[in-house]
Amino acid sequence: MAKISRRRIAREFVRTLREQPTHKTVLVRQLAAYLIDIKQTQQLDLLLQDVADELYVQEGRLNAVITTATPASQTTKDAVASLLTKATGAKSVEVTAATDPSLLGGVIVRTPRQQLDASVRRQLNHIAGGIND
Amino acid sequence: MISVKELSTELQAAIGQLKSEQGLEETGIVTRVGDGVAWVYGLTNAGFNEVLQIETPGGKTVEAFALNLMEDEIGAVLLGGDSQVRAGARVKLKGNVLTVPVGPELLGRVVDPLGNPLDGKGPIKAKQQGLVEKAAPGIIDRKTVGEPMMTGIMAIDTMVPIGRGQRELIIGDRQTGKTAIAVDTMINQARQKSGVVNVYVAVGQKLSKISRLVERLKEEGVMDQTIVVATSPADPASLLYLAPYAGTAMAEYFRDNKGHALIIYDDLTKHAVAYRQMSLLLRRPPGREAYPGDVFYLHSRLLERSAKMSDANGGGSLTALPIIETQAGDISAYVPTNVISITDGQIFLETNLFYQGIRPAISVGLSVSRVGGAAQTKAVKSVSGRLKLDLARFRELAAFTQFSTDLDAETKGRIERGERLVELLKQPQYSPMSVWEQVATLLPAINGVFDAVPVNKINDAVHAMLADLWTDHKDDMKVLSKGDKPSEDTTTLIMDVAKKVAKGFVANA
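Chains as they are written, first to last, in numbering that gives the first Met the number 0: chain V, 0 to 132; chain Z, 0 to 508.
Hints were generated in silico from the structure; no laboratory data involved.
Predicted model, so just to flag it, every value in this text is computed and none were measured.
Backbone N, C-alpha and C define an ideal beta-carbon position, used for all residues, glycine too.
Just so you know, not all the hints are guaranteed correct.
Calculated cross-link-like contacts (lysine-lysine; reagent style BS3-like; alpha-carbon spacing at most 27 Å) [to be verified]:
1. Z/Lys126 x Z/Lys217
2. Z/Lys120 x V/Lys85
3. Z/Lys91 x Z/Lys192
4. V/Lys76 x Z/Lys425
5. Z/Lys425 x V/Lys90
6. Z/Lys411 x Z/Lys481
7. Z/Lys425 x Z/Lys498
8. Z/Lys217 x Z/Lys93
9. Z/Lys93 x Z/Lys208
10. Z/Lys192 x V/Lys85
11. Z/Lys217 x Z/Lys124
12. Z/Lys91 x Z/Lys120
Sample of chain V residues lacking proximity to chain Z, with all beta carbon distances greater than 10 Å (derived) [claimed, not checked]:
13. Ser4
14. Arg5
15. Glu11
16. Phe12
17. His22
18. Val25
19. Asp77
20. Lys90
21. Glu93
22. Leu102
23. Thr110
24. Arg112
25. Asp116
26. Ala127
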């Protein structure tokens, strides 16, 4: 079976899902079977990112992950959602929160294509890089 | 009224401001890394040859350039070691393609293909940057090759002359004196004060060899007008691949600013091998000798940048002397045939000649210059026609009569003349000859003045004649060096001195 590009699979998956929202379970099973068949199950994470990207391109729905050193408050999440709506022109923004103590402080916002790294860790690394030079 | 200068300053400032603004940046992720190649997910807006910045755990960035733009991922070649790059690392677009510092500040320096100094003389404060990959000048921007690029090597300047803006290939097996010809040409530019800037690009050459070469160039006083772009076999293939393009960008600065530059690519065989390594690691389909399909384009786009510019464009020039190493004299291999067809002629060096003591070991039959004839000085042209004819006859007769001992006087005479001409064309390294020396050497020789001098004494005789001419007739010789066809008086003068000197050597024989 000829290998189809991951991006194309994501594009078709989102398009079909939009046309037939009730067939979601069947579509998911078909996609899983295809990945097993072509022995590409390890590409699942990247495929999901491609699907998120396609959701933004086709529907204007933006999935964002915000990572903070301590659990983010609802106010922070709302502020990030508002920022992303303005910056990207997305119709809706869905924010998922994650914590990573190694950030020390600040926030990292990741969308399928872009990133805003305003963490303390990055700033410290930046300073360290400058000193080492 | 809009001032372009003001507009340029404002635009530069605006670009700088935008670049420094922190905000949402397009990022990708390294999915795999190894053998100097990183595979990147994301960065769908990356352009071909665009520079990527990969974050490392230490807070520094490693640069790479995008060569494979595929639907799902980007294949990028790392410009540094891959030990710092990890899978999962974030990747950003730098926003520009590869550039290197260019300008007169680079003269006398030894740099790597990214323009970083390797000579310990501190940072290079170049005011301009040049594109590593740049389109060659178009038809309208060019002019026919018409000015000589004297190598100082008599065999080349007379029989395979090179013009400014020409691409002349130096091809031969290992240890046949390819680099020696290139180095002598660089030395000659300084000795003759031609104003030509030299750019020597070492592609995967041993560092000991580069070090020796730089020392020699310093001794000869050539380094001040030379840029050395050095890569060693220990460098990543990406740097070996970039070196010729980076060197060309540096040389183009002089070409485009009414100057003249000479670039030596030593050698393009190693360059093709480095590109083959990169291509195979990028999973591009291998073709003949495992080279990728675009190995011709690899060299054609490089050498097309050497050109003689039109007067409207300043009249500058960039002359290229690419070097190709053959295996057992096989010029029909893939890369040699490609570069032979791209260039405007080739100087073919033979191992047999080299070990017979004929150095430079130029094969007169296989060497050719397709455009240089128009650029040859009238002085040299006045002797080169007869020389080529005499040598061609000699080669034909020498092959025909090697089994025969009984020869008529005319045949014998031609063979003896040929033997003397071959002896005269031998030239030690680092001893380039000026125009007057070449003309004064060959004029009496092709007219038979030295026919009676024994072959083993002919070089001594010529040296004595040149010394006499320089001591007693310096002004005439200086006029001859300007390149005009020698006048009747000058010709008679040279012939008289030669006859006098030759007589002494015949008597001493």
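For a C-alpha distance cap of 27 Å, please report whether V/Lys76 and Z/Lys425 respect it.
Cα-Cα ~82 Å, so violated.
Exclusion check [V/Ala127 not at the chain Z interface, CB over 10 Å]:
Per Cβ check, V/Ala127 is inside 10 Å of chain Z; nearest 5 Å; violated.
Verify this label for me: V/Glu93 is non-interface relative to chain Z, using a Cβ-Cβ cutoff of 10 Å.
17 Å, holds
Taken at face value, is the distance from the CA of Z/Lys498 to the CA of Z/Lys425 at most 27 Å?
21 Å, holds
Is the Cβ of V/Phe12 more than 10 Å away from each Cβ in chain Z?
14 Å, holds
Hey, Z/Lys217 versus Z/Lys93, does the alpha-carbon distance stay inside 27 Å?
This hinted pair is violated, its Cα atoms lying about 38 Å apart.
Verify that the Cβ of V/Ser4 lies farther than 10 Å from every Cβ atom of chain Z, and report whether the claim holds or is violated.
4 Å, violated
Next pair to validate is Z/Lys126 with Z/Lys217; report whether the Cα-Cα distance is within 27 Å.
Answer holds: Z/Lys126 to Z/Lys217 is near 25 Å, not above 27 Å.
Z/Lys91 and Z/Lys192 were given as a pair; does the straight-line alpha-carbon distance stay at or below 27 Å?
48 Å, violated
Given the hint that Z/Lys425 pairs with V/Lys90, does the C-alpha gap stay at or below 27 Å?
Given pair Z/Lys425, V/Lys90 is violated - Cα atoms ~81 Å apart, limit 27 Å.
Consistency of the no-contact label for V/Arg5, given chain Z and a CB cut of 10 Å:
Per Cβ check, V/Arg5 is inside 10 Å of chain Z; nearest 5 Å; violated.
Is it true that the CA of Z/Lys93 sits at most 27 Å from the CA of Z/Lys208?
35 Å, violated
Consistency with the previously given hints fails for numbers 2, 3, 4, 5, 6, 8, 9, 10, 12, 13, 14, 23, 24, 25, 26, ordered from lowest to highest.
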